[in-house]
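Chains as they are written, first to last, in my numbering: chain A, 2 to 95; chain B, 952 to 1097.
One or more of the hints may lead you astray.
Claimed, not checked - Reference excerpt, derived from the structure (chain B facing chain A, CB under 7 Å, subset only):
#1 Leu-957
#2 Ser-958
#3 Ala-961
#4 Leu-964
#5 Thr-966
#6 Lys-967
#7 Thr-968
#8 Ala-971
#9 Pro-1003
#10 Asp-1039
#11 Phe-1089
Unchecked claim - Dumping the calculated DMTMM-like pairs for lysine to aspartate or glutamate here, alpha-carbon to alpha-carbon at most 20 Å:
#12 Lys-60/A to Asp-83/A
#13 Lys-1065/B to Asp-1031/B
#14 Lys-1058/B to Glu-1024/B
#15 Lys-61/A to Asp-83/A
#16 Lys-1093/B to Asp-68/A
#17 Lys-983/B to Glu-1087/B
#18 Lys-983/B to Glu-1024/B
#19 Lys-1091/B to Asp-1039/B
#20 Lys-46/A to Glu-86/A
#21 Lys-967/B to Glu-86/A
#22 Lys-59/A to Asp-83/A
#23 Lys-1028/B to Asp-1039/B
#24 Lys-1042/B to Asp-68/A
#25 Lys-967/B to Glu-11/A
#26 Lys-1090/B to Glu-1054/B
#27 Lys-998/B to Glu-1011/B
#28 Lys-70/A to Glu-1044/B
#29 Lys-962/B to Asp-1012/B
#30 Lys-70/A to Asp-1083/B
#31 Lys-1042/B to Asp-80/A
#32 Lys-7/A to Asp-80/A
#33 Lys-962/B to Asp-23/A
#34 Lys-70/A to Asp-1039/B
#35 Lys-967/B to Asp-80/A
#36 Lys-61/A to Glu-11/A
#37 Lys-1061/B to Asp-1012/B
#38 Lys-9/A to Glu-86/A
#39 Lys-1058/B to Glu-1023/B
#40 Lys-1042/B to Asp-1031/B
Hints in this document: simulated from the structure, not taken from any laboratory.
All C-beta atoms in this analysis are idealised placements derived from N, C-alpha and C, irrespective of residue type, glycine included.
Given next are the chains, with one letter for each unit.
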Amino acid sequence: MLPLFKFKIEGNSMIPTFNPGDVILVNRLSYLLSKPKIGDIVVLKRGRYIIKRIAKIKKKKLFVAGDNKRESTDSRSFDWADKKELVGKVMLKI
Amino acid sequence: MENFILSFLAKLLPTKTAYAHCDVPCGIYDPKVAQIAAATVLKMVQKINELPERGKSKNEDNALIRMVWTKEEHARKCKDELLILWTDYFKPEHLQMFPNLHETFWKAAKLCSKNKQEVNVQLAQELVRAVDEIAEIFKKTKSTAK
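Please model the entire structure based on the sequences and the hints provided.
Below you can see the structure in the form of C-alpha cells.
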C-alpha cells in the first residue's frame, strides 16, 4: 500500500486554498503517529473521495467544512464525519 | 529539496479525484431548470384541455398519452431540481434572510405532486408562480454573496 495518494481537485468548495484542477499529495500515514488537528486539510472517503478542512473534533468524530462556505456541501449538511473515513492529510500542492 | 523529491514521486503516482463538494460540482445550481419544467407542466395542461373530450382516433389518444407523460416527467424533474436547491444550495444563513424558505419549498414540492395527479390550469399556474418565487430568492442570495 503506497503511503501517498495523488488527487486532482474537482469543485469549488476549497477556494481560495485549492482551485479546481489543482493536484495535491496526501499522506496516508499522517495520522498513524499523530492525531488530527483543527485546521488540517484532509481527504475523506465517503463513497468517493472528498477534500475538506477540519473545523471541530470530538472523540471519534470530525466536523469538516470547505474553505468556500457558500459553495460547499460539508458537515453542515451531512453532519459529523467519522474518523474512520479519514484517508490522510494534504501535504502539498504540486 | 523534499518538495522536489515529492513532486518527482508524484509523477509516478496514479491520479484520483478528490471532490471539493459532495453531490454535484459546486456552484452549478440554477433554478432555471425547475422553471422550464414548471412552464412545461402548465403548457401540457393547457394542451390537454384543448383536446377534444374523447379521442376520436388513435392519433388523438396517442397525443393525450404523450402530453400526460410529458406533464408527469416535467413535474418529477421540477420536484427533483427543487429538492437539490433546497437541500444542497440553501444554507442556514439564507433561512435567516428568508424565514419562509422551508414553507415556500415545501409548498412548491407539493404542487409538483398535485400537478401529476390532476389536469388543473390553476394548480399549474400556482406551480409556475411558486418556482418563480424560489428563483427570485435564489437570485437575491447570489447578489448578496457578491
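Results of checking the hints against the structure:
no. : hint                     : verdict
1   : Leu-957                  : 6 Å, holds
2   : Ser-958                  : 5 Å, holds
3   : Ala-961                  : 5 Å, holds
4   : Leu-964                  : 4 Å, holds
5   : Thr-966                  : 5 Å, holds
6   : Lys-967                  : 5 Å, holds
7   : Thr-968                  : 5 Å, holds
8   : Ala-971                  : 4 Å, holds
9   : Pro-1003                 : 49 Å, violated
10  : Asp-1039                 : 6 Å, holds
11  : Phe-1089                 : 13 Å, violated
12  : Lys-60/A to Asp-83/A     : 10 Å, holds
13  : Lys-1065/B to Asp-1031/B : 15 Å, holds
14  : Lys-1058/B to Glu-1024/B : 19 Å, holds
15  : Lys-61/A to Asp-83/A     : 6 Å, holds
16  : Lys-1093/B to Asp-68/A   : 18 Å, holds
17  : Lys-983/B to Glu-1087/B  : 11 Å, holds
18  : Lys-983/B to Glu-1024/B  : 16 Å, holds
19  : Lys-1091/B to Asp-1039/B : 17 Å, holds
20  : Lys-46/A to Glu-86/A     : 5 Å, holds
21  : Lys-967/B to Glu-86/A    : 16 Å, holds
22  : Lys-59/A to Asp-83/A     : 10 Å, holds
23  : Lys-1028/B to Asp-1039/B : 16 Å, holds
24  : Lys-1042/B to Asp-68/A   : 15 Å, holds
25  : Lys-967/B to Glu-11/A    : 10 Å, holds
26  : Lys-1090/B to Glu-1054/B : 18 Å, holds
27  : Lys-998/B to Glu-1011/B  : 12 Å, holds
28  : Lys-70/A to Glu-1044/B   : 11 Å, holds
29  : Lys-962/B to Asp-1012/B  : 62 Å, violated
30  : Lys-70/A to Asp-1083/B   : 26 Å, violated
31  : Lys-1042/B to Asp-80/A   : 13 Å, holds
32  : Lys-7/A to Asp-80/A      : 26 Å, violated
33  : Lys-962/B to Asp-23/A    : 14 Å, holds
34  : Lys-70/A to Asp-1039/B   : 12 Å, holds
35  : Lys-967/B to Asp-80/A    : 25 Å, violated
36  : Lys-61/A to Glu-11/A     : 27 Å, violated
37  : Lys-1061/B to Asp-1012/B : 28 Å, violated
38  : Lys-9/A to Glu-86/A      : 19 Å, holds
39  : Lys-1058/B to Glu-1023/B : 18 Å, holds
40  : Lys-1042/B to Asp-1031/B : 18 Å, holds
Hint compliance for this structure: hints 9, 11, 29, 30, 32, 35, 36, 37 are not met, and every other hint is.
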